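Enquirer: Protein sequence lines, in the order shown, are assigned to chains A and B. Start counting the first sequence at 1; every next residue gets the next number (the working numbering). Start counting the second sequence at 1001; every next residue gets the next number (the working numbering).
By construction, these hints were calculated from the structure, which means they are not laboratory data. Here the structure is a predicted model, which is why all the values come from computation and not from measurement. Beta carbons are placed, not taken as given, at the ideal position from N, Cα and C, and that holds for glycine. Fair warning: there could be bad hints in the mix.
[Unchecked claim] Calculated lysine-lysine pairs in the DSBU-like style (CA-CA distance at most 35 Å, straight line):
| id | chain 1 | residue 1 | chain 2 | residue 2 |
| --- | --- | --- | --- | --- |
| 1 | B | 1027 | A | 593 |
| 2 | A | 596 | B | 1092 |
| 3 | B | 1092 | A | 644 |
| 4 | A | 651 | A | 668 |
| 5 | B | 1066 | A | 716 |
| 6 | A | 493 | A | 784 |
[As the list claims (entries may be wrong)] Over 10 Å on every C-beta distance to chain B, these chain A residues come out as not near it, computed from the model:
| id | residue |
| --- | --- |
| 7 | 10 |
| 8 | 628 |
| 9 | 671 |
| 10 | 681 |
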Amino acid sequence: MDKLSKRLDSDILRKIILKAKQHQYYVFGCAALLLGLFGYFMWFYQPLKPIWKPIGPNLLFALRYDTGLKDSAIIDQIEQLLGEDFSSKWEDFGKAVLKKEDVKPQESVVSWHTAYSESPQVLYNWRFNEKTSRDVLLAIQNQSSLKIRQYREEKIYQYSNAISDFHFYLINRVLTASTSPLLLEASLRVLTNDVENVQPKVVKQLKKDGIGLIINLNAIAEAFDALVGFPKHANSPVRLSALNLVANSKKIQAFYSENTFAVNDKSIRQTAFTKKSDLLYNTTQPLEKAQVSKETKQRLSLLKERFGFDVDNLRQGLSNTFTHFILRSEYVLQPYQVLAFPLKDSSMVSSELARLHPNVLPNAKVFTLIKQPALPNLILPMKLDAFPNIYYLIQDSVLWLSNFSLPQQKLKALKAASLSTKGIKVYINHALKFSFTDKLGTLGERFFDKIDGAALYFQRDSVFIDIDLQGDKSVFGRLDTLLAIPTKRQIKKQVFPVKNHYTNALEFLWQDEKTRLHLMSDSGEFLWEKAVWYFAKDHIHQVDIYNNEKLQYAFVSDGRIHAYDRLGRTLNGFPIGLSTYFEAQFLRPLRWKNEKEQRFLVAGSLPGNAKNSGGKLYLYNRYGGLSRGWAPRNVEAPLACAPKLISHEGKDVILALLKNGSFYAFDKNGRVMPGFPLITNLICSSAFLVDRARNIHFMSEGGTIIELDLQGRLLKREQVRSRITGTIFHLLPEQQSGADFLVAMQQGRRLVVKDRNLKAYFTHTLTSDNPQQLAYYDFGEDKKFLLVFDERDNTCRLLNEKGKDWLAKPLATQIMPLLIARNGSRIDLVLSKDNSITVLSNGE
Amino acid sequence: MENNTPKKYSKVEVLKATVDKHQLTFKLNDAININAEGFITVKMQAADHQFIIPLMDEFGDFDVQKPTLALHLVLLACEDFEEAEDYLIWCKALGFNASNETCRAAWFHLRDEVPNVRAFFGDQVQAVDVFNYQMGAGATQLLRQIDATQ
């Protein structure tokens, strides 16, 4: 029987298929019609996007108007617009604050902000489709507990719950609600005209007299920011595009993606659906307070000890529900800290660590506990030193250091975010949970106002904060210790940056107090040291003596010219003995144009009393003989600074400034060039500079600035005015190019800095009235620094272009530090303290 | 003796002839005043030209009544300037302090004026040899007397 029925079925099916094949066009037509009907049905009943126009706690509304209108006229029109009903609420209105801002050249906005209120008044709009709006209306009308009143021919419903009253009205499929009847009525006045065309962000403007109502989302964002300290991050993909503030339930929610709202007809309850990964702050499902582990307790006590951050008290004030924890950047340094150091030779560091810590495995794949501070060539930030344990891990040529045990899965997340940089990444353990409640307003003032740039992101059950310490220019810069290498003896004078001619890498050369010359690589490796027995009188220069693109180091001591190769070997023919009746002061290696021979111009003074001691200039060739064509030149006074060689109109010109203020230009045969000398009879002791226009600038000790050209013509003679006697004047050439300069005056503790046109640049108050050494660095826009070194106090500070301290506190150093710009925006500071050479970097 | 004079001290004769030809008169001038012993500034007036030359008169020979000798001193100052390679050497040769602004002014003045003097007198008119002048030899004696005797 079954078989028979199956056969019949298959026969029928076969016949139908056969028929369909014969009438295939009709079949396809019917199918298309059915699909079209289904599509139309879906389109008609499609879920609508919400209209979403919240008004922040401070912003009532904003009116946009043409700038052609007078303010009084606008206020009249506002009153007209708001109507007489508004005057009954004048008390509330009187608290409002009027703000005016120009939006476009032809338009301005007047915004009304209420005074700060503990219970923010918010306006909501929901849009429904046809059917749902009918259901909602039916549900509203059936609610016996609702009070109804009439306003502008519309019914306003009042729903009272235990906390407050909720007012709403439904018109043209848009449900508008607020706890504030005032806001609701104001919105009703402007929204009822054309509700259908209401845009999500900007309400359509009224045509009447060019005045319209807009909702200022930015102002709301700012209000939210002020309330809860919303972290800003310039590079973050997370942008606050929408806000939903629920104040009465003591929750603050912020969403950045599109939200879908639904209304339950039994009780007006709002539910938010959103992707968790898109969520910035989430309190819809508050996590319960977790058990505090011993480790957490230890960290919390450290927080309290160091920063006065009493977490227990905070918890009590936050109703025991904690979701997330945000720390201000200066508090974020500890207790959770992970440092990532890119390694040039990871195997070396790994083996070195293994040597220092034989109990740990060199190739561990998890964080291994070691005792600090036995880390090779790595000095951790000072604050971390207090932590008893350090966890380390070497993976993919990156040394990770953590002061707590970091699970492997967390490390992956951190690596993704921080491999490209060496900044501090903060990992927030989910064991610490905080919530945003109404207390956050106060908290914001205390803790969140100085977040200088942060991105918060979620991953599974954890929250990460990526602190950008350079995010805000007003915040102090931060230099982390890259290297701190002990030196056997104290560094004499300064550290010279030199170039490795093989790799073009930067190296550091210096002389110690026992005249030994030291060369150190960029990574902190001592390459050699050499006993020299003489102190360098001037800079140590790099020269290509053999003209083979290999560089040697040359300097002048009292009576000799020294030259050493890159491996510290003395060059043949060196040291060159200088004339006996001569005190060398400056060395200027030079090479005439179109000549290969390296020459050394040595400037110094002739022994004698102060009145008659003159200066002398010798030119030596690399074989130790006096250079042909240049007879040793006597000048009437010792040189104030090292002479310079420039090329002018195809000719080599040597420029020299004497201590008596005379300025000379010599040709390559040592002859005084026409137009020179320029005699100023000023006492000079600082360097001169040649700007891009080939004009020469120098400054006397008394503050007279001289500008002359290469024809010896005096272009400018200007006295920098100072009301205080004993002012120390500085002309500060830019250290990179040397073409620009600043003028600085130290008057006791007051440091006045002016630009080259003597226009005030900034004034800074020093911590002491000791004479300061200054150096001006210009590494580009927003990266101009004035390095201030106090030789007596052995401290240095960095001032930015506004004269503010770029570093939070002065750095200890025994030598004038060296500032170096690296690739990108990275800046290194080389200094010496406690018999060690230290390299600090902002690590960008 | 008198017959031999033109042959023996021809330079002096040329100087004398030049003075006569251009009717040169000399006066002291204080346009450039270096505070150094023997330094004077002389204004040389020709028929239609005038020159101001700072010069060293170390023997105090200058006398407005002795124009030939004065011309010799002017030409000697020109030679000093021309022989000095630069300012520093000129200062050293004359014993000046190079940082003295007036010395620099004198040097710069000579730099402009010496070519004019040379162009005015030509190459034939030359000062008596420095060595002879320093030693006070016969040419110098003639130079000192030639304006008085005629």
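Enquirer: Are the Cα positions of residue 493 of chain A and residue 784 of chain A separated by 35 Å at most?
Expert: 24 Å, holds
Enquirer: Taking the shortest Cβ-to-Cβ distance between residue 628 of chain A and chain B, state whether it exceeds 10 Å.
Expert: Since the minimum Cβ distance to chain B is about 16 Å, residue 628 of chain A lies beyond 10 Å and the statement holds.
Enquirer: Keeping to a limit of 35 Å between CA atoms, is the pair of residue 1066 of chain B and residue 716 of chain A held or broken?
Expert: Between residue 1066 of chain B and residue 716 of chain A the Cα gap is close to 46 Å, so the pair fails against 35 Å, i.e. violated.
Enquirer: Using Cβ atoms and 10 Å as the threshold, tell me whether residue 671 of chain A really stays out of contact range of chain B.
Expert: 5 Å, violated
Enquirer: For the pair we were handed, residue 596 of chain A and residue 1092 of chain B, check the Cα-Cα distance against 35 Å.
Expert: Roughly 34 Å between the alpha carbons, so the hint for residue 596 of chain A and residue 1092 of chain B holds.
Enquirer: Test the statement that residue 681 of chain A is away from the interface with chain B: the closest C-beta pair must be farther apart than 10 Å.
Expert: Given that some Cβ of chain B is not farther than 10 Å from that of residue 681 of chain A, nearest at about 7 Å, it is violated.
Enquirer: When you check the alpha-carbon spacing of residue 651 of chain A and residue 668 of chain A, does it fall within 35 Å?
Expert: 8 Å, holds
Enquirer: Could you let me know if the closest chain B CB is still more than 10 Å away from the CB of residue 10 of chain A?
Expert: Given a closest Cβ separation of 122 Å, the condition holds.
Enquirer: Keeping to a limit of 35 Å between CA atoms, is the pair of residue 1027 of chain B and residue 593 of chain A held or broken?
Expert: 49 Å, violated
Enquirer: Going straight from one Cα to the other, do residue 1092 of chain B and residue 644 of chain A come out at no more than 35 Å?
Expert: Roughly 24 Å between the alpha carbons, so the hint for residue 1092 of chain B and residue 644 of chain A holds.
Hints 1, 5, 9 and 10 from the list above are not met by this structure, while the remaining hints are.
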